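Protein sequences, first through last, are from chains U and R.
So for the first sequence, the working numbering puts the first residue at 41; every next one is plus one.
So for the second sequence, the working numbering puts the first residue at 41; every next one is plus one.
Hints may contain errors.
Derived EDC-like pairs: lysine to aspartate or glutamate, alpha-carbon spacing no greater than 16 Å straight-line [unchecked claim]:
(1) R:Lys44 - R:Asp138
(2) U:Lys44 - R:Asp65
(3) R:Lys44 - U:Asp57
(4) U:Lys44 - R:Asp128
Hints listed in this document are in silico derivations from the structure and should not be mistaken for laboratory results.
All values reported here derive from a predicted model rather than from experimental measurement.
Number of protein chains: 2
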Amino acid sequence: MKKKDPTIDRIFHALGDPTRRAILDRLSRAPTTVTRLAEALGVTLTAIGQHLQILEDSGLARTEKLGRVRTCSIHHAGFDHLEAWIRDHRSAWEKRLDRLGELLAESEGQ
Amino acid sequence: MKKKDPTIDRIFHALGDPTRRAILDRLSRAPTTVTRLAEALGVTLTAIGQHLQILEDSGLARTEKLGRVRTCSIHHAGFDHLEAWIRDHRSAWEKRLDRLGELLAESEGQ
Chain U
41 MKKKDPTIDR IFHALGDPTR RAILDRLSRA PTTVTRLAEA LGVTLTAIGQ
91 HLQILEDSGL ARTEKLGRVR TCSIHHAGFD HLEAWIRDHR SAWEKRLDRL
141 GELLAESEGQ
Chain R
41 MKKKDPTIDR IFHALGDPTR RAILDRLSRA PTTVTRLAEA LGVTLTAIGQ
91 HLQILEDSGL ARTEKLGRVR TCSIHHAGFD HLEAWIRDHR SAWEKRLDRL
141 GELLAESEGQ
């Protein structure tokens, strides 16, 4: 079995929620404030705060306080981790397919 | 707002579950049978069947009946879709960053 990866668990938990994906859709276009996110998505500031916390904990977003305004943006770390997970699962499988091809070629040659 | 994407909803729902990710871990190493999956993960055949159905519906795995044995393997379609989603979110954001850099350079040049 592969090793436990608590980061990927957090990432998939974060991405499992449609409101959090809607937040990322918005942040991928431009950084914005917590207030604007709440307005755009029609949810309370408290709810946005909770979703952002989960996105921050998984490395998919980050927030920064500039003066009195909290600005949120996409963070690359979570996306990097997710891409590595995909690559890992895809490549292991593709290597197996290559090996299978070699075995078939060998058996045909006999 | 971005368009609704029911496929990505299904993919993230599928990947939100640790047992389904454990199934993909295993399939990424090699195709296997439903029975072996159930044994390896210590869950019932019924549970494996339900998880596989969700993985198939999201294009992440596929099953094939060869004689009396049902064999499961990784399917690339779901992984392709997931990669496109990441690229889309990342690239929109990176384009914005580039544009921000240009604006800063312009304002410094004035």
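Give me the numbers of the hints this structure contradicts, sorted from smallest to largest. 1, 4
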